[in-house]
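*Asks:* Fit the two chains together into the complex; they arrive one by one in their own frames, and the hints show the way.
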Amino acid sequence: MEVAQETLTTPAPTTAVEVSGSVALLEALIVEGVDTIFGYPGGAIMPIYDALFDYNDKLNHILVRHEQGGIHAGQGYARTSGKVGVVFATSGPGATNLVTGLADAQIDSTPVVCITGQVFAHLLGTDAFQETDVINITTPVTKWNYQVTDANEIPEVIAKAFYIAKSGRPGPVLIDITKNAQIQKFNFEGYTQCNHIRSYRPKPIVRTQYIQEAAELINQAKKPFIIWGQGVILGSAEQEFKAFVEKSGIPAAWTVLGAGAIPTEHPLNVGMLGMHGNYGPNVLTNECDVLIAIGMRFDDRVTGRLDKYAKQAKVVHLDIDPAEIDKNVKSTVPVWGDCKETLPMLTKLIDEKKHTEWLNTFNEYTQKEVEAVIHDELNPTTPEMTMGEVIKQLNEITKGEAVIVTDVGQHQMVACRYAKFNKTRSNVTSGGLGTMGFALPAAIGAKFGAQDRAVVAIIGDGGFQMTLQELGTIMQTGIDVKIIILNNRFLGMVRQWQELFNERRYSFVDIQSPDFVRLASAYNIPGKRIDDRAELPAALNEMLSNKGSFLLEVMVTKENNVFPMVPQGCSVAEIRLK
Amino acid sequence: MSNQDIEKQEFNITVYTENQIGLLSRIAIIFSRRKINIESLNTSPSEIDKIHRFNIVITESEEVVRKLVRQIEKQVEVLKAYYHTNEDVIWQELALYKVSTDVIAEKVSVERLLRENGARAVVIRKDYTVFETTGHREETDNLISILQPYGLIEFVRSARVAIIKDSDGFNRKLREFERLEPGEEVIENEYLNQGEKVFTM
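Protein chains in written order, with this note's numbering: chain R, 1260 to 1837; chain S, 86 to 286.
Since the hints were made in silico from the structure, they are not lab data.
Backbone N, C-alpha and C define an ideal beta-carbon position, used for all residues, glycine too.
A portion of the hints provided could be inaccurate.
Quick list of in silico lysine-lysine cross-link-like pairs, DSSO-like style, CA-CA up to 30 Å [as the list claims (entries may be wrong)]:
| hint | chain 1 | residue 1 | chain 2 | residue 2 |
| --- | --- | --- | --- | --- |
| 1 | R | Lys1501 | R | Lys1482 |
| 2 | S | Lys165 | R | Lys1462 |
| 3 | R | Lys1425 | S | Lys152 |
Label-pair restraints from in silico Cβ distances [claimed, not checked]:
| hint | chain 1 | residue 1 | chain 2 | residue 2 | range |
| --- | --- | --- | --- | --- | --- |
| 4 | R | Asp1711 | S | Ile106 | 42 to 48 Å |
| 5 | S | Ile106 | R | Lys1444 | 23 to 29 Å |
| 6 | R | Ile1770 | S | Arg118 | 29 to 35 Å |
| 7 | R | Lys1589 | S | Val208 | 51 to 57 Å |
| 8 | S | Asp134 | R | Gly1292 | 31 to 37 Å |
| 9 | S | Asn104 | R | Gln1710 | 43 to 49 Å |
| 10 | S | Val208 | R | Gln1389 | 46 to 52 Å |
| 11 | S | Asn171 | R | Gln1479 | 41 to 47 Å |
| 12 | S | Ile123 | R | Phe1760 | 48 to 54 Å |
| 13 | S | Ile248 | R | Lys1589 | 27 to 33 Å |
| 14 | S | Ile123 | R | Gly1292 | 40 to 46 Å |
| 15 | S | Arg118 | R | Lys1607 | 20 to 26 Å |
| 16 | S | Val207 | R | Arg1466 | 23 to 29 Å |
With the rest of the complex left out, here is chain S (with noise of 0.2 Å):
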């Protein structure tokens, strides 16, 4: 194992923007160019109207995401990123499972499963029951194993999302930006009057 693989850990990418069309390709393209993998991706809206929260987590150095963030920051539809490691952020991941009503009523005790992994049944029909749980990789790992022999029949983990423990959220940095950069008075062309005279056609 080479120095390099022992300095990587996981990185948690925050990344505010704007709403824009296109942009979570420009932004994949920036891992993928550079053949690093994103192991979870999530976006949603943020608390301020009309920008967006990308979470984002790979595993590198931290040189490297250092770097990735700059770049990641130089997209013109990018307010701000940020990197964080595990430590820094409070992370979650929701996850579901699909289990047979029937196996799961006749081996299981479902009471104590719910109990002892923090799940909660969200659908029970005849024919399947789904239950949710929420925690980090190896909470909601631990019942995918335990429910495994019971014929799991389908289950699926969100992304990540992370709050990083010492932000003060991204409300006052924006009104800092703006403050910093105010647009210049905006000057409208000459030819708003001269309707006639410009437009020939």
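In isolation and in its complexed conformation, chain R is listed as follows (with noise of 0.2 Å):
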């Protein structure tokens, strides 16, 4: 009774502060941990810039020269840091410039937080001045999308998009919000942030009779294979992994976005998977006798024709996602979880093995590779330098310990395959949309996300000119990235298809280029262009002690191919070494 009378008598604490959407958006922001957004401000976001003036001390707003290499931009402080990347856009054509980083935020499972302004509620539908349906038009590019058009709105919503952006496998989130909601005062009861949504299940529930069943298949496996995939790095199950492994001694191999998850050097890991992989990995996908992918979707690059893709196999298929599982390949042992969960509890009921005959015939592979492929291309004779060669040289000089960020195209397979990566989140790349021009603004991203690590960028001289006005972003923060142009002069990838199924028709890949160093040079970044091996060392050492971005242009050998290849319509036993 006396605390009945009590609590009657006291006032009630008040915490409701009366604020403007805008900033309620922003305090939502700093409660969500996030230290940096990527953005470009127009007419419809102005309430919210207006706001940010305010929020320097605590909020780094990184002004980029396009929407689009903002959201690369977020994407590649996201896959560096582990946090969510966040993005600023106006309307209109603001918003419409974010759907390629969008796509490619899905498909590589990225999370990113994009913030849109939209005109005026009351202007929707009416074709005003830079509305466009941004929610519908991202609808198909999205994990989840919401349009704000009261300030109200704002605390909920950005909780749910945080946790919808980051949980389970995570995803590119927009929220599209009306000026009015932006300006519009409302009571601010505080940010509280979202763990729960009733329709939402982030993470199925593990079925320990599959995990009992994977390790029964997995301890009477002659020939088992490791596949893995992004999974482990998006889950944080580096270590969980590198004890199943290492436990089960059984031979594993990678996806493009799952490189680094284990060192390159680790005795058990035998290379690259897919089109451009290696030799071994994707000839004896089709001898194993049990295949067990982790965290991985069996793409098509991976798996190459999928009516001949493992049929000898018994697949066990530990995803996040229950939408992968048998969505391409037809699994025996479905094993639904995070893997940070479901590795562990495998681990515990597996054999201690060494595989060792088995591990024997990847090496053996790998053996046939390095002396048909591998060797010439990282010590070539021909006069003119070779892509693999700068990337062995760059590995010697970085140990491993540097972020490698690429485009996409013959560069970033070459790359893939033979950069050295001793730490986790260090391969970052657009494997799943393949975008060209995704390398500079995400190496801009990845270095705020990873300030204490080097980032260097490998970009083609085709993906360059796609989105080079970043390079303006670069000089105006300061922020130190390298960048290595691999110029061939052409559009390598496509010329290389041309070459090999298309009786070297070369439509249109022949492409010019401007004088990327003295192109660097009015954005103030110092660079060199070099097309002597007996330079490249010095360069490489020059461009990696320079305090600060530096541009190397490297002129390397025009009509060189990308291989081992699985030609499209192949088998992943039909690999070509060449």
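*Replies:* Structure below.
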């Protein structure tokens, strides 16, 4: 009774503060741990930018040169930091410029929250200046999106956005906020992070029966083979994965986005899978008896022809996304769940083994590949340099410690094949969408996400010209990003296909480039162009020891092909060495 | 005809969702990006407050439908999706037929027409009469062919609604969901009691 009286006589503390929707948004971002925002202002997002003016000490806004650059930077930041990348853009063209990055983030499961400004709510659907139907445009390329028309919605919606973007299988979220909601004052009663949405199940419930069945299959296997993907990294399950691999003694190969989850030089790491992957892992996929797929989605670039993919093998598939199980490859034992939880359960039940003979089979194939491809690619005797030898030299200097950001094309496959990774979150590339123009802005974001690490962007002459305006972002922020342009004066990967499959009909792949070094110089970025092998080590050293960004253009062989290669429509066992 | 076509049959997809703007578009895209035609789509509130129920009919192979249902369930606002063959559900469609009252009164024995087709007159006006039937497609189609010679003015048929024969309803499933995955304790943010310090504007 006394307590009740006290409650009645003591005024309740009032914590609500009247703020605008824009201020509430920024406060929400701070509570979510956001420190960096990539963005570009415009008319419909001006109230948010106006509020941001007073948050300079808490939120570091990076002014990019194009919204596409903003979202790729957000992706790079997310991929190296493990945090959510945040991007601001205005309505209409600002928002539509995000679409490529959203699609990229969606297919590569990258957590990004994009905030777009929108015209006043009363103008929606009237074709107002810079109005586009952003929600419907971005629906197919977002994990979730929502249009805010009332400031009162902002705290709850932003909390949901972050929760959805980073939980379960991560992905991009877009929140479109009308201008009136940005301006509108409301009683902000604080911000509560979201950790439950009734209809949303970020992680499926682990079924122990399947863990047991998987362990039995693995224990009985004579020629088991692990293939892993980015799910290991996204789930922060690198240690759990390493423990599983080492106890089981099973050879393990990686997809492009899985690179670095265990070091390249790990004795059980047998190489890269897929169209330009290593010879052994591809061929032996069709010889193993149990295939254990962890956090990977059997992309067609990995599987080649599905009807000829690992037909002899029993398949154990571990994935957090139930929709990935049986989507492309039918699994014998599906293990739904977060691999950070399921891998230790599995490791506990498996026998400690060494599959020495089976592992040696991979080594035999590796030797064959070294002789046919790798040796000459890394130690060429031709006058012109190869992409491979540049990566080899880079490895020697960085010792596998650098973050390597690649664009899309031949250089990407060469870099992924030959770059050494000693640390996780070191390989940032556009794996699923294959977005040319990704690397330069992504490298900027990657550096903000991993400021204590060297970040090296490796880009082709074609891809660099798609988003080179982001040199301006480097200039203005003074960020330290090393840029290597591997210039073969061609759109190399398309040319390779035209050579191999279109009788050398080189249709519109001969691309001219500006003087990249002078261009960088215009942005106050030092640079160098080399075409002599003898200059390569010194030039790389100069680049890496330079305080601040540096652009190194390396002229490489014009018509070099990336081998091995699984031609489209072929089985992985039909991989060609030349 | 390919094997895949032979395997195809009508499937009824039932989806329980939050009542959320834009969700219809998200679900429709799952079909359209795979170039799958939705033959019938109905959405309505369910027996549970704030939960909507979609009934979607497509003709596809079971393997494709299974994958589609998983993609639908991935959507944040979708609680659960099921698929069933026609044998596993009880389904109905509603049809309305508008005919000239004069013609129908002169040339047709209305009483017989109604009795034989399980129809009922919804509206009778001087200029037109509207009949209604409920049933499977072939049943509602039958009345079209009967009325067509008498100058059927207008016809409309609803989307299919379907009840799953062996379902216990969604109430129990929802309770089970909430029992298995309750929200964790929410943490209020540290700024709540620091209004002056935080809100510097």
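*Asks:* Would you mind marking each hint as holding or not holding in the structure?
*Replies:* Outcome of the hint check:
1. Lys1501(R) to Lys1482(R): Roughly 19 Å separates the two Cα atoms, so the pair holds.
2. Lys165(S) to Lys1462(R): 15 Å, holds
3. Lys1425(R) to Lys152(S): Distance ~24 Å between Lys1425(R) and Lys152(S) Cα, so the pair holds.
4. Asp1711(R) to Ile106(S): 42 to 48 Å: 44 Å, holds
5. Ile106(S) to Lys1444(R): 23 to 29 Å: 25 Å, holds
6. Ile1770(R) to Arg118(S): 29 to 35 Å: Since Ile1770(R) and Arg118(S) have Cβ atoms about 32 Å apart, the given range 29 to 35 Å holds.
7. Lys1589(R) to Val208(S): 51 to 57 Å: The hint (51 to 57 Å, Cβ to Cβ) holds, given that Lys1589(R) and Val208(S) are roughly 55 Å apart.
8. Asp134(S) to Gly1292(R): 31 to 37 Å: The hinted range 31 to 37 Å holds for Asp134(S) and Gly1292(R), with Cβ atoms some 35 Å apart.
9. Asn104(S) to Gln1710(R): 43 to 49 Å: 44 Å, holds
10. Val208(S) to Gln1389(R): 46 to 52 Å: Holds: the Cβ-Cβ distance is about 48 Å, inside 46 to 52 Å.
11. Asn171(S) to Gln1479(R): 41 to 47 Å: 42 Å, holds
12. Ile123(S) to Phe1760(R): 48 to 54 Å: 37 Å, violated
13. Ile248(S) to Lys1589(R): 27 to 33 Å: Holds, since Ile248(S) and Lys1589(R) (Cβ atoms, about 32 Å apart) stay within the stated range.
14. Ile123(S) to Gly1292(R): 40 to 46 Å: 42 Å, holds
15. Arg118(S) to Lys1607(R): 20 to 26 Å: 41 Å, violated
16. Val207(S) to Arg1466(R): 23 to 29 Å: Once the Cβ atoms are compared, 52 Å apart, the range 23 to 29 Å for Arg1466(R) and Val207(S) is violated.
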